[in-house]
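Given the coordinates of chain A, work out where chain B should sit on it, guided by the hints.
Below are the chains, spelled out letter by letter.
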Amino acid sequence: MRRAGVVALNTFREAVRDRVLYSLVFFALLMMAAAIIVGQISIGIESIVIVSLGLSAISVIGLLIAIFIGVGLMYKEMDKRTLYALLAKPVRRWEFLLGKFGGLVLTLTVNTAAMAAGLFLVLWYVKHSLDSEDCAVLVAVYFILLKLALVVALAMLFSCFTTPLLSILFTAGLYISGLFVQEMRTFRSLTPKPALEAFMRWLSYLLPNFQNFDVMASAAHGRAVPGALILENTIYAAVYCAIVLLTAAAVFSRRNLK
Amino acid sequence: MTTAAIETENLTKDYPSGFLHLKKRRSLEGLTMQVEAGEAFGFLGPNGAGKSTTIKLLVGLIFPTSGTARILGKPISDIEMHQEIGYLPEQPYFYDYLTAAELLDYFARFHKLTGAGRRERVERMLKKVGLETAGKIQLRKYSKGMLQRVGLAQAILHDPQVVILDEPMSGLDPVGRREVRDIILELKREGRTVMFSTHILSDAEMLCDRVGVIVGGKLRGVGAPDEIVEMKAQGMEILFEYTGSAASAAALLGKATQAGNRYRLQVAEGELYGALEQLRAADAKILSVTQLKPTLEEYFMHLVDAGRAQAAAVEVSGT
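Protein sequence lines, in the order shown, are assigned to chains A and B.
One point on numbering: in my numbering, the residue at position 227 of the first sequence is 227, and numbering is uninterrupted.
One point on numbering: in my numbering, the residue at position 295 of the second sequence is 295, and numbering is uninterrupted.
Think of the hints as simulated: they come from the structure by calculation, not from any bench.
Just so it is clear, CB atoms sit at the ideal spot from N, CA and C, and this is done for glycine as well.
Treat the hints loosely; a few may be bogus.
To be verified - In silico lysine-lysine, BS3-like type, Cα no more than 30 Å apart, as pairs:
hint, chain 1, residue 1, chain 2, residue 2
1, B, K23, B, K218
2, A, K258, B, K255
3, B, K188, B, K127
4, A, K76, B, K112
5, A, K80, B, K285
6, A, K258, B, K293
7, A, K80, B, K136
8, A, K80, B, K141
9, B, K144, A, K80
10, B, K112, B, K74
11, B, K23, A, K258
12, A, K76, B, K188
Unchecked claim - Here's a subset of chain A near chain B, in silico, CB distances under 8 Å, partners left out:
hint, residue
13, E14
14, A136
15, N256
Unchecked claim - Not everything, but these chain A residues come out facing chain B in the computed CB check (under 7 Å):
hint, residue
16, R17
17, K76
18, K80
19, R81
20, P90
Chain A on its own, in the form it takes in the complex:
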């Protein structure tokens, strides 16, 4: 585990030096513009618009980083052969993979935390105060982070055995499919074929359920998120990530690095 930690810290350093955190500048500019414009065009619902816009921006920026950097994380190491010297050290391949995952999740956590702080700053600027209802925004940010960790794990799994382009397509495809799992489960109302209905139901349980992580509407309206959902999503993300990473480790551990 110590060795995975060493890889994780270096991955974080790589992300910082590759200017990944520059995305914060874009977010800051977006939020400043929103704070100025929203105040003029949306009387009475400023905070709803600010929270919705802020959380969407955090999610989209995080997703772009998770998919593109997540895919590149493994592919770059293999393509440029930077991991050759490293794997000759006493490092197990799964430790390397786990370290890479941990490093990018750490980067995303810092990035998301900074953006969340920016969002609260703008919210305070617009409302001139912060109250307990705004805790739901924190929960929404936490759910975005869980979702991003899951996306990173998927991106890393695909990049262990296929090209970057296909890895991006597969990860993005799974993410989009994962936004419609509830619809898949209610598919029976749309088709008379029981076999197809059963297939869609199984598929819906196999796919990562990204719908569960979306509490933006509740957060924007200041509605509290149930504690049970927080626990459920935390366990779901942890278990799903573990399964995906174990699969990735199994694939990567057998891969010949030619």
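Below, chain B without anything else, positioned relative to chain A:
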């Protein structure tokens, strides 16, 4: 009985090929060899012969199709074995956002080196490879030769017992090659086992206790550079000066090559004394008599040609 530092037994590697990976391409076939502890072993062969494949199998970057290999008595799948080996990949490339000092510090963390010890070790290694003034420059600004030196530094950073270098002289200028040679000699003096692949036969001849020649995935010959070339002694060469015109020397002069008054005559070992008698009788001044040995390069080329001829024969009989 001493344990061999590196030993392989019937090590074979096939790569899948073809559209659906249904075919197999054999890259290494039944490699059985030993590298003794403390020796410098040169692994020679043309491009695509299987040198890098062997090295990658030993350090665990690829996995054997069949056969086994052990380093210091431990199977290559044992992760603890990696504490005792250092590896320089061919044409190494490292994280270009790091400085050389940061890269070495990063690698040192995998070898249980503590803070102060790590810093001291990194500084010592940078000095050893002549990069002490460039240690704080990002690797993206390094030349190929400098990257090779960083690669060498990371390979020996943790004082490994066995050092495996894949083409360590590649891309280096004469000064860089000399420095790498000196480092290899120093490692050898320290009693470490060094195995390296190279195309530069003069380096192998100069540095190695033994060499192995691999062609077409098969090991064709192993031995000390002197031993393996002596097996094919090619006769004797007499260097002499002659200014006369004795008829008795005419036959020999006709076979010799001339440069001014000096002649170079090649004869079979059994004919040496007869030729010397004739030259002495003709008042020629004998300057030297040397045994004609093929160079390592000639031996290498002989094996390469034989390997290619064999491969061609197999191909023809298969069609």
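Structure-based check of each hint:
1. For the suggested pair B:K23 and B:K218, the alpha carbons sit about 20 Å apart, so the restraint of at most 30 Å is met.
2. Pair hint A:K258 plus B:K255 does not hold up; C-alpha atoms about 53 Å apart against a cutoff of 30 Å.
3. At roughly 19 Å between alpha-carbon atoms, B:K188 and B:K127 fall within 30 Å of each other, so this suggested pair holds.
4. For a cut-off of 30 Å, the pair hint linking A:K76 to B:K112 stands: about 27 Å separates their Cα positions.
5. Distance restraint check for A:K80 and B:K285: the Cα-Cα separation of roughly 63 Å exceeds the 30 Å cut-off, and the hinted pair is therefore not satisfied.
6. Distance check on the hinted pair: A:K258 and B:K293 sit about 39 Å apart at the alpha-carbon level, beyond 30 Å; violated.
7. Between A:K80 and B:K136 the CA atoms are separated by roughly 22 Å; this keeps the pair inside 30 Å, and the hint holds.
8. At most 30 Å may separate the alpha-carbon atoms for a hinted pair to count; A:K80 and B:K141 meet this at roughly 16 Å.
9. Straight-line distance between C-alpha atoms of B:K144 and A:K80 comes to about 14 Å, which keeps the hinted pair within the 30 Å bound.
10. At roughly 20 Å between alpha-carbon atoms, B:K112 and B:K74 fall within 30 Å of each other, so this suggested pair holds.
11. The suggested pairing of B:K23 with A:K258 holds, with an alpha-carbon distance near 17 Å, which does not exceed 30 Å.
12. Of the pairs offered as hints, the one joining A:K76 and B:K188 is violated, with about 35 Å between alpha carbons and a cut-off of 30 Å exceeded.
13. Checking A:E14 against chain B by beta carbon gives a least distance of about 6 Å; that is within 8 Å, so the hint holds.
14. Taking 8 Å as the C-beta cut-off, the interface hint given for A:A136 is violated, the closest approach to chain B being about 38 Å.
15. This hint holds: A:N256 has a C-beta 4 Å from the nearest C-beta of chain B, less than the 8 Å allowed.
16. At about 4 Å, the closest approach between the beta carbon of A:R17 and any beta carbon in chain B falls short of 7 Å, and the interface hint on this residue holds.
17. Hint status for A:K76 relative to chain B: violated, with the closest Cβ pair at about 10 Å, above 7 Å.
18. Checking A:K80 against chain B: minimum C-beta separation of about 5 Å stays under 7 Å; hint holds.
19. Look at A:R81: its Cβ gets to within about 6 Å of chain B, closer than 7 Å, so that hint holds up.
20. Taken as an interface hint, A:P90 checks out: its beta carbon lies about 4 Å from the nearest beta carbon of chain B, inside 7 Å.
Of the numbered hints listed earlier, those contradicted by the structure are 2, 5, 6, 12, 14, 17.
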